[in-house]
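Student: Listed here are the chains, written in short residue letters.
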Amino acid sequence: MEPVYHQKRAFDPLRIWLLLPSWVVIGVFLLVPVGLMLLISFMTKEFRGGVIWEFSLAAYDQFLFDRGLFGDEPPTIQWTYIIIFLRSIVQAAIATTFCLIIGFPTAYFIATRDSQNRTFWIFLVTVPYWVNLLVRTVSLKFLIRDNGPINEFLLSSGLLSEPLGLINTNIAVQLGLFYSYLPFMVLPIYASVERFNFTYSEAAADLYADKWSTLRRIVLPNVAPGIAAGCILVFIPSLGAFIAPDLLGGAKNFMIGSLIEEQFKGNAGNWPFGAAASMILLTMVLIALMLYTRQQAKGEVR
Amino acid sequence: MQVTGSVRSIPGFSLLAILCLVILYAPLLVVMVYSFNDSLSITIWGGFSLRWYEQIFFGLEAEKFQKAAWNSITIAFMAAVIATTIAFSAAIGVVRTSPFKGKNLNISLLSLPIMVPEIVTAVATLIFFSMISFKLGYTSILVAHIVFCIPFAYLPISARMQSIEKVYEEAAMDLYANRKQIFRSILLPLMIPGIISGFLLAFIISLDDFIITSFVKGAGVETLPTAIFGSIKQGIKPDIMALSTLLLLVSTIFVTISYFLSRADLKNRLN
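Going line by line, the protein sequences match chains D and Z. Residue numbers for the first sequence follow the numbering used here, so the first one is 1 and each next one is one higher. Residue numbers for the second sequence follow the numbering used here, so the first one is 1001 and each next one is one higher.
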């Protein structure tokens, strides 16, 4: 009997039906809503939360310009919201940097253990990630509060005369973001170091390269995609974070997440403005993702 | 000749790795310990006691927490089952069919719910439900959870699916097995570990969610995270630490199960 060559695979005829549920669910309940949000951002606000269906650029205008209380003065740049966005970028960047400083050595250390130890370490790093984010942030808040265990200890041991006063500061928010997303940094770097072929570095050692220059010139360029992935995985959720800034930062350290949330809570909200701020955040995230994928693609071509 | 020592061990890295674990676990351990603290002051140790656990089960707020826990668990269960089913179906469509135009677009669509920042998804979903005048509550939470659970279920399922070579189904086709038989006797049994970890991931992710839930829950319906958030607005009380400890244990048990499942599976495949 002639062997049968399969041009088609068993599930080919069903492909559309298999994919359809995901198209419908993500399409109807995510793409359509984002489209509606874009639309709402160009509408007129209604005072009790909601919108009037009349085209308006007011939401974006309010974001950038200050036209006085009655809207009739010559526009000046409105810094309030721009500063909130800039602050969010800076906070996310600092959190990412700290995650990298702790996360890279950790990932590197884990990836160079033997395979039994490796899985166990990775398990230890992943467990906290699966613990409820709110619970983790509350725990951190409990720990660093003015009358929390850390301060109690420092005060009673006489190392400090007054509490550190960490809570409700920018530093507390950075710490919170760092704590929330640290596992995101470790995992992709671990994956890329684990794939790295250490015979290259041994070749470098044979040529009398010292440890640090081998690490810098041989290992780092090879694990760069993992580092980039880790940074993007920490930076993006930090940018739009709500829980850490809200619980640890207080009112003075507002970030984008809280600004957006405020527009939809209670009657004081401004839906078109909230929608516009969300669109701006989404655009920033998409740009970051695009730069990232382009960079990764370039790396692969080389 | 080893002059410089291997780059495999960098001095100081082991210390930083241990520091990393300390940072990750210290807050959780402290809260766990203090949840057993008898003292009303939450920072001074007053002896071991289970009174805060009693309080969350039988105290004044017990009913509220029980309702919230029930909502959380039932929503997480249903969202995880539905998202896993959708993701499994999509993974067959993407991985187990011949290459097609739009394959990458499909993969991007499936990961879209992870890409969009949570707060943006929350806003968009709220706007959507209010535009179609859908009453906010249990159902709107469930729908929103299904959407963001899909990518988390899809990742382990498609990873597993890719590791199953196509020779299995080709062999079955050579033996005139029909599609249903291929699915039931080959694909499904081989996919079980992937499906379980996809389900567990989706379940924990749903249980974890706060921000999207708080936007689409409407008045009166709470899940555990929104109930906890409401309570801590007035300060961290010891009963919240007891509740947090319970949640922490649930997540840890789930991850541990999935860890041992994947390890057992790896061993089976190696033998």
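Simulated from the structure, these hints should not be mistaken for lab results. Where a beta carbon is used, it is the ideal one built from N, C-alpha and C, also for glycine. Keep in mind that the hints are not guaranteed to be accurate.
Unchecked claim - Only part of the chain D face toward chain Z is listed, based on derived beta-carbon distances under 7 Å:
no.	residue
1	Arg9
2	Arg15
3	Pro21
4	Ser22
5	Val24
6	Ile84
7	Leu86
8	Tyr108
9	Phe120
10	Leu124
11	Leu207
12	Pro225
13	Ile227
14	Gly240
Student: Quick check on the hint: valine 24 of chain D CB to chain Z CB, less than 7 Å?
Tutor: violated, 9 Å
Student: Mind checking the CB of proline 225 of chain D against every CB in chain Z and telling me if the closest is under 7 Å?
Tutor: Not OK, violated: proline 225 of chain D not within 7 Å of chain Z, min 17 Å.
Student: Return the status of the interface hint for isoleucine 84 of chain D: holds when the least beta-carbon distance to chain Z is below 7 Å, violated otherwise.
Tutor: violated, 13 Å
Student: Does leucine 86 of chain D pass the interface hint, meaning its C-beta sits closer than 7 Å to a C-beta of chain Z?
Tutor: Result: violated, 17 Å to nearest chain Z Cβ.
Student: Given phenylalanine 120 of chain D was flagged as interface, is its beta-carbon under 7 Å from a beta-carbon of chain Z?
Tutor: violated, 9 Å
Student: Taking 7 Å as the limit, does the beta-carbon of arginine 15 of chain D come near enough to a beta-carbon in chain Z?
Tutor: At 5 Å from the nearest chain Z Cβ, arginine 15 of chain D passes the 7 Å test, so the hint holds.
Student: Min Cβ distance, isoleucine 227 of chain D to chain Z: is it shorter than 7 Å?
Tutor: violated, 15 Å
Student: Interface hint check: serine 22 of chain D, Cβ to nearest Cβ on chain Z, cutoff 7 Å. Holds or violated?
Tutor: holds, 4 Å
Student: Proline 21 of chain D was flagged as interface toward chain Z. Is the shortest Cβ-Cβ separation under 7 Å?
Tutor: Holds, because the Cβ-Cβ distance from proline 21 of chain D to chain Z comes to roughly 5 Å (cut-off 7 Å).
Student: Next item in the hint list is arginine 9 of chain D. Is there a CB on chain Z closer than 7 Å to its CB?
Tutor: holds, 5 Å
Student: Please verify that hint: leucine 207 of chain D, Cβ, nearest Cβ of chain Z, below 7 Å or not.
Tutor: Status violated, d = 10 Å.
Student: Is the hint on tyrosine 108 of chain D kept, meaning its closest Cβ partner in chain Z is under 7 Å away?
Tutor: Holds - the Cβ of tyrosine 108 of chain D comes within 7 Å of chain Z, reaching about 6 Å at its closest.
The structure fails to meet hints 5, 6, 7, 9, 11, 12 and 13 from the earlier list, while all remaining hints are met.
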